[in-house]
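One-letter residues, chain by chain:
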Amino acid sequence: MKTLEMSLVIARKELQSLFFSPLAWTVLAIVQFILAWIFLVQLDAFAETQSQYAMYQRTPPGVGDLIVAPLLSTASFVMLMVVPLLTMRLIAEEKRSGTIALLRSAPVSTTGIVLGKFIALLVFLALLVLLLGAMPLSLLAGADLDLGRLAAGMLGLFLVAAAFASAGLFMSTLTRQPVVAAISTFGLLLLLWLINAAGGETDTLTSWLSLLEHYQAMLRGVFATGDLVYYLVVITVFLAFSVRRLDAERLQR
Amino acid sequence: MAGEVLVSVERVWRSYGELVAVRDLNFELRRGEVLGFLGPNGAGKSSTMQMLAGSLAPSAGRIRIQGVDLLDEPGRAKAFLGYLPEQPPVYPELSVREYLRFCARLHAIPRSAVQAAMDRAMQRCGLTDVADRLIGNLSKGYQQRAGIAQAIIHEPAVVILDEPTVGLDPIQIREIRNLIHELGRDHSVILSTHILPEVQTLCSRVLIIHRGRVVYSDSMQSLDAGLGADRLVLGALRLPDEKLLANLPGVTGVEMLGGNRARLRYAADAEFPARLSVAAVDGNWGLLELTPERKTLEQVFVEFTSGDAPGAGREQAA
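Chains as they are written, first to last, in the numbering used here: chain A, 15 to 267; chain B, 381 to 698.
Everything labelled a hint here was simulated from the structure, so no lab data went into it. A virtual CB, placed ideally from N, CA and C, is assigned to each residue, including glycine. A few of these clues could be false.
What the hints assert, rightly or not - Here are the computed distance ranges between Cβ atoms for each label pair:
# : chain 1 : residue 1 : chain 2 : residue 2 : range
1 : B       : R391      : A       : L246      : 42 to 48 Å
2 : B       : R593      : A       : T40       : 50 to 56 Å
3 : B       : A650      : A       : R264      : 49 to 55 Å
4 : B       : G516      : A       : A254      : 32 to 38 Å
Could you put the whole structure together from the sequences, leaning on the hints where they help?
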């Protein structure tokens with residue numbers, strides 16, 4: 015497994031670069047701040063409405079519906095905006111500064127390079143999701159929390175973010191300008207996010223393609239193989255595109 | 381020199397769409413040789429270097445590094461290669477030590493040997509003092525050295541250096557030249573540069589490429605011998621007049637330079653300078669100077685990359 019070993023070397027360096035720059039810390043801090051705000055707002059609303067719900071329904075909606083789901087739903091939208099900033103540099107910057115030559119002349123396959131970059135992003139995104147998960151977990155102190163559903167939601171968020179990252183990585187292979195990569199990633203993700211708006215409720219193809227549809231099932235606590243496969247397919251396709259694109263550059267320009 | 385062949389390039393072509401950058405390139409490089417790779421800008425030099433380093437695939441032909449085909453088994457072949465591109469491939473946000481550790485691991489040096497390899501590379505390239513500084517804060521010269529350190533950290537059989545002394549101060553240039561000279565002993569080195577004296581002092585062979593073709597390829601020794609002295613400058617306190625000099629046996633032409641100096645052309649004859657000095661002593665000329673004038677590499681370079689090649693003049697005027 016030489017490719018994997020090499021990609022771990024690259025991933026390690028990538029994380030080093032990420033955490034030596036202010037970018038990673040800024041992203042962590044701002045995302046945490048915004049989501050904490052949402053969390054507190056939801057918590058406040060929950061406390062106010064709880065007594066009213068209790069009058070009408072035998073099983074009032076719990077913290078899972080009223081706090082965790084909206085929080086994770088907002089989080090996915092924040093990811094949509096943040097991930098392009100994290101992925102934009104990955105390849106574009108290497109091309110611009112010429113360091114790509116170092117990777118290409120080293121005994122590393124293109125797959126190894128792409129995987130390494132992707133693994134580094136996964137580690138960072140996992141950190142982001144785990145920090146986020148700490149907020150709902152704090153509710154355990156005073157409320158019943160469906161841990162299975164929270165886990166499904168967090169895993170869903172991680173998968174969504176990973177799919178974003180693979181798309182961003184691909185966009186980063188297309189240009190030498192990180193900013194162009196960021197903007198085009200953002201556009202692409204927004205399109206994939208909202209593609210189901212075109213067909214309405216009945217159109218199954220566009221809603222199957224939409225990143226949003228599959229995520230919402232997971233937020234409800236439904237962890238279906240189909241949704242998992244969907245994200246894995248998206249990730250694999252974009253990573254394969256990236257590898258193809260980098261190889262093509264070597265062959266013909 | 382009969383060292384093993386480390387690099388063999390066979391019938392390599394490279395085109396970018398319509399434009400043919402490299403056509404039918406063939407050469408071999410043996411262990412212990414330093415190859416100077418010359419050519420005007422846009423001649424296909426960088427394309428060739430990139431192909432040798434595996435970062436660009438040839439359109440046709442074969443490149444083998446230590447017998448391993450670079451296209452069939454890139455992983456194995458690249459392990460024998462160290463490459464310094466024109467722009468040093470350094471990450472400004474890393475310190476020299478972190479950068480070299482990454483490069484060492486990238487070249488599959490086992491974890492236990494990384495530290496030793498890093499120390500050796502830093503020491504050879506004079507980076508020990510700046511080991512913990514961020515590369516982005518270092519001067520161009522030090523960044524260049526970090527780039528060279530990266531290329532030799534895994535002790536590759538073949539080192540490819542694309543203009544390694546650009547941006548260095550004279551002392552650093554001397555150090556880097558010494559380093560290249562040292563590398564040339566047990567590795568083979570391919571050196572691309574525009575500084576011709578550098579090639580003359582460092583290289584054992586020269587390859588001049590022009591418009592994608594090899595127009596000149598020879599060892600430095602035969603360059604020296606073949607184009608050797610057929611002219612010399614004579615300086616003397618009581619320099620004889622032109623007529624007397626022209627009548628000396630073997631002299632084919634005389635040009636008076638003023639200031640008691642004259643340039644003599646003579647038929648190729650190794651004995652001529654010796655005979656001339658005897659004549660000078662016998663005639664009591666008061667000999668001051670006797671300097672053989674060699675055809676310099678620069679003259680060869682200009683000769684092969686301008687006048688003769690068809691259509692070359694047009695491109696250079698542009």
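How the hints compare with the structure:
Taken as a hint, the range 42 to 48 Å holds for the pair B/R391 and A/L246, whose Cβ atoms sit roughly 44 Å apart. Distance hint check for B/R593 and A/T40: the Cβ-Cβ separation is about 53 Å, which falls inside the suggested range of 50 to 56 Å. Checked against the hint of 49 to 55 Å, the C-beta distance between B/A650 and A/R264 comes to roughly 52 Å, which is consistent with it. Under the hint 32 to 38 Å, the C-beta atoms of B/G516 and A/A254, about 34 Å apart, fit the expected range.
Checked against the numbered hints listed earlier, the structure breaks none of them; every hint is satisfied.
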